[in-house]
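Top to bottom, those sequences are chains A and B. Counting in this note's numbering, the first sequence runs from 1 upward without gaps. Counting in this note's numbering, the second sequence runs from 1001 upward without gaps.
Honestly, the hints are just simulated from the structure, not real lab data. No experiment lies behind these values; they were computed from the predicted model shown. In this text, a Cβ means the ideal position worked out from N, Cα and C, and glycines have one as well. Watch out, some of these pointers could steer you wrong.
[To be verified] Quick list of in silico lysine-lysine cross-link-like pairs, DSSO-like style, CA-CA up to 30 angstroms:
hint: 1; chain 1: A; residue 1: K171; chain 2: A; residue 2: K388
hint: 2; chain 1: B; residue 1: K1312; chain 2: A; residue 2: K306
hint: 3; chain 1: A; residue 1: K244; chain 2: A; residue 2: K201
hint: 4; chain 1: A; residue 1: K117; chain 2: B; residue 2: K1382
hint: 5; chain 1: A; residue 1: K117; chain 2: B; residue 2: K1057
hint: 6; chain 1: B; residue 1: K1382; chain 2: A; residue 2: K388
hint: 7; chain 1: A; residue 1: K117; chain 2: B; residue 2: K1312
hint: 8; chain 1: B; residue 1: K1379; chain 2: A; residue 2: K306
[To be verified] Over the 10 angstroms line for every Cβ pair with chain A, so calculated as not near, a few chain B residues:
hint: 9; residue: A1197
hint: 10; residue: S1368
hint: 11; residue: L1372
Listed here are the chains, written in short residue letters.
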Amino acid sequence: MPKRIDRSTFLKGAIGCAAAVVSAEISYRWLRQPEPIPGQLRGPSVALGHRLRDGELADIPVESEPLRSTVVIVGGGIAGLSAAWWLDKQGCSDYVLLELEDEVGGNSCSGANSISKYPWGAHYVPLANSESRYVHMLFEELRIIQGHNSSGLPVYNELYLCHEPQERLFKDGAFQEGMVPRRGLQGEDKKQIARFFEIIKSFRQATGADGKPAFAIPLDLSSGDEQWIQLDNLSFSQWLQDNKFDAKPLFWYLNYCCRDDYGSTIERVSAWAGLHYFAGRRGVAANAELNSVVTWPEGNGFLVEKLKEQANGRVIASAAVTKIETVDGGAVITYFDSKTNRQHVVNSKYVIFATPRFLAPHIIAGYSAEAAHHPCYAPWMVANIIIKHIPASGTVSLCWDNVSYTSKSLGYVVANHQDITTREGEKVVTYYYPLSDEDPVAARRRLLSMSGHKWSEFIVEDLTSMHPGIDSEILSIEFCPWGHGMVSPTVGFIWGQGRSSMKKNYGNIFFANSDMSGMSNFEEAQYQGITAASNVLEQLTTT
Amino acid sequence: MTYALLITAFVISTCGLVYELIAGTVASYLLGDSVTQFSTVIGVYLFSMGIGSFLSKYIKKNLVLTFIRVELLVGAVGGSSAALLFLLFNQVESFRVLLYCIVAVIGILIGLEIPLLMRILKERLDFTELVSKVFTFDYVGALIASLLFPLVLVPHLGLVRSSFLFGLLNTMVAVWTIRLFKSELPWLSLLYSFAIAVAGVLVCGFVFSEQLTSWAESTAYPDPIILSTSTPYQRILITNSGKDIRLFLNGNLQFSSRDEYRYHEALVHPVTAAMHSLHNVLVLGGGDGMAVRELLKYPSIKSIVLVDLDRKMTNMFKEQALLSRLNNRSLSASRVSIITDDAFVWLRRCTQRFDLAIVDFPDPSNFSLGKLYSQTFYKTLKTVLNRDGAVVVQSTSPYYAKNSYWCVVDTLKSAGFQTLPYHAYVPSFGDWGYVIGTLSTFTPASQYPPGLRYVNSATFAQMLTFAPDMLPTTHVVNRLNNQALVHLFESEWGEYAEAH
Ligand SMILES: Cc1cc2nc3c(=O)[nH]c(=O)nc-3n(C[C@H](O)[C@H](O)[C@H](O)COP(=O)(O)OP(=O)(O)OC[C@H]3O[C@@H](n4cnc5c(N)ncnc54)[C@H](O)[C@@H]3O)c2cc1C
């Protein structure tokens, strides 16, 4: 028996132990050989888009006789579909809608698997404000609003109102109910959060000298008063600083909201836009609280489907518009049918151009890139994930929206939350991640260059930090990278020169896309679509 | 021998930390909020180690013998700690007290060990060497434990088996120490047999850990379990004491064969006997067939449609003799058709019309069940009823959960029904509430089918009065977008469960 161990024996022992642990871990990993999670990349036809941009499609000869239509709508997102809805409503049924993808919907498109439908982008709409006239009209038509109570408040269909429990936040190792941080706050944090919401309360009621609300939805109905408009010339974070806000949890929350709705941070979006997110939403209902939302398993894909139904017979999908030439008294539209690989031509009197504006210089002959007034578009990664079982965490149940305080993503939304079944089966969750950390161009490059495998690793790791052990519960992941996800209301854009010149028509071409609002959501897209349709209708009646 | 004793320091500290991690993890699993659980467990553990170290000075002689005893005790308590915590979670009044007791006992014992070990080694090493060596091994052990635990033990062995395994390690240290000092120790064979006994228990625990966990479930029920099965929707469990058969779904009592006739007569007859036109009846939930048994007492009923989520449940109550005897083989009656579906989903697609609907769902204890008590659900139900149709809804206890009970009444009213709340006394449940909803005026029946043991005109008249302690303090309508009922139900039954 050695009387004492010398250093080398001890070191050998310690190294041996460490090596044992490491090799156990390695062999454990090896034995387990994690089956690669089935991942699948889908998304807007990026490749087709690039061919279009590079002018490759223009050379394919046109084979058939040209079609003829009074109006051609280019792009079947919410803006294009709403333009169609409005044309029909006003008795103009002679239009065709050309959509690049195999399905209409754009940023509001959706998918389905054996468990549930799920959104690929937009997933909810807040209760409609009283000034959001078109939203009310559509919601009443679709019986989303089923009537009004004795005091005139709209009664919403409760199957569509987001069911309880709605939101939870993972902070400091556990979930709390609601999204505004409550765990681990200092007294000062609480005071600032309360003060912020007091300000919002007064802004919600505020009007300008012109009698219009300071923050309206659609935003073009907002007051033009300098007092409010000048808020567009500074960043949201600057405004917060100027107003003596510095509480971290409050900043986290506001940044989360801006990333959620604008795909961008409080440093980049304007104060007007940041405040609009909160003060703009004034929608009320007889049977729901302020700030409630309507949602469906397929997200706003529900609205897409309804709008598509009414445009029935006039939608041409898999049709990439490659060229638009303005001619005397109309326009010639060339599109490429990606199913048959053929080019077709449509002659029309008017065009409603409802794709994001950055595409216009590539498609519209003679339309200069300067005229496009390039707004800034935020890149997003969206994934739909099938999960066998989401592990219970403490006493706060799984919610519709589940977010982590420390994650770079926006967490996940449970697509089958609105199900009325009592079966506790698999969940389909939609994972949202705006790449807002870096400048959009670099972020877009990163988004598209990272492999599906890498994305899958990234997402699983992110979810694991909220739910240890969830990796073995994941059945599949599908991705959809959105290179130009949504327009961001950067400082000075909403009330600046650029946006006002984006509203001008180009000959017989009228523009309609949510990017003309400077912020992208259902209400703005619909408003832009209807405004373009109204302008066309006005032209039609005067000529 | 010095070397051997230092290895001992290493093993002890590894085991100690593993027990602490196990306690923290079990507590996080069972109680949630990992930050709180780990902080408190670590705090109690370290503090108890301090107590142990303090107490060590009172041990004046027989150092080695005490060390071996402590080691065996740590092995026994620490080794079985995870199993104990899981087993007793359902049994003890305050799980937290048990948790911290176990953590404290382990902490004190481990706190005793290191000073004892140092004193045993005192004669063999000089002081500087001694302190440096023992603590080095102690801390290296802690590192190894903290790596092993998340990387190997939890994913590979699970908590219960890991804890048994480390208990065995402690026991082995004890045996080794006995061997090292066998010349100095009294009662050698006694010590050995003690060690073997502890090791035996731990090995058994390790091998039968699965059975242990299922036994943990059975201890929650007073009577012998005759059947327990998991379906995709629920855990079905049936106990039989000979005189009394009880059905539990997810641990909640659904009926006791002794007094279920009270529950089901009170659910079915007050509304059914009062119907003027009664041909088609819908039963939602109630896969045990008891409500259907009561309905079959009305010859005018031509068809009964039973919609239940769980095919296994309806099959059991249709085919197993013991169970179908309870419902008089009602589920095999020709007038009855059974549909396996989600009630809400099925209703939205349903094109049939009914005179009467009996709604017998489990209590609104979670959000998905809460949807079956929402205004939208009752509005949907209304669309499948004939003009003079009626419903009756089981609606939890107006005594234990009065606001929940009246919330169901208010919700039914808000969906356009005229409501008649009533309640009955069912000994195994307590005071239980129901509510009748009608589309036209309701007149109580003057006649009931023959052979009823509980309901008649006189008892029903009594059921209509509510004592002041059953009246609500708030009024709220349960909606899909507020789930007010689930929130009320949780707080009201939660209060009762805590006081219990
Ligand atoms: C990840 C994400 C989440 C979102 N979440 C929400 C939400 O929850 N709620 C909300 O209200 N909004 C949300 N939005 C905003 C969303 O952008 C708007 O709601 C709305 O869908 C925008 O519609 P749009 O018509 O303006 O634009 P787009 O949806 O971009 O429509 C443009 C259409 O043009 C088509 N197109 C493009 N090029 C051509 C071509 N050459 N030929 C023919 N067609 C072409 C495109 O395929 C597309 O269908 C989200 C956006 C993203 C990216």
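Now the hints, each set against the structure:
| no. | hint | verdict |
| --- | --- | --- |
| 1 | K171(A) with K388(A) | 24 angstroms, holds |
| 2 | K1312(B) with K306(A) | 39 angstroms, violated |
| 3 | K244(A) with K201(A) | 18 angstroms, holds |
| 4 | K117(A) with K1382(B) | 28 angstroms, holds |
| 5 | K117(A) with K1057(B) | 69 angstroms, violated |
| 6 | K1382(B) with K388(A) | 35 angstroms, violated |
| 7 | K117(A) with K1312(B) | 28 angstroms, holds |
| 8 | K1379(B) with K306(A) | 24 angstroms, holds |
| 9 | A1197 | 30 angstroms, holds |
| 10 | S1368 | 5 angstroms, violated |
| 11 | L1372 | 7 angstroms, violated |
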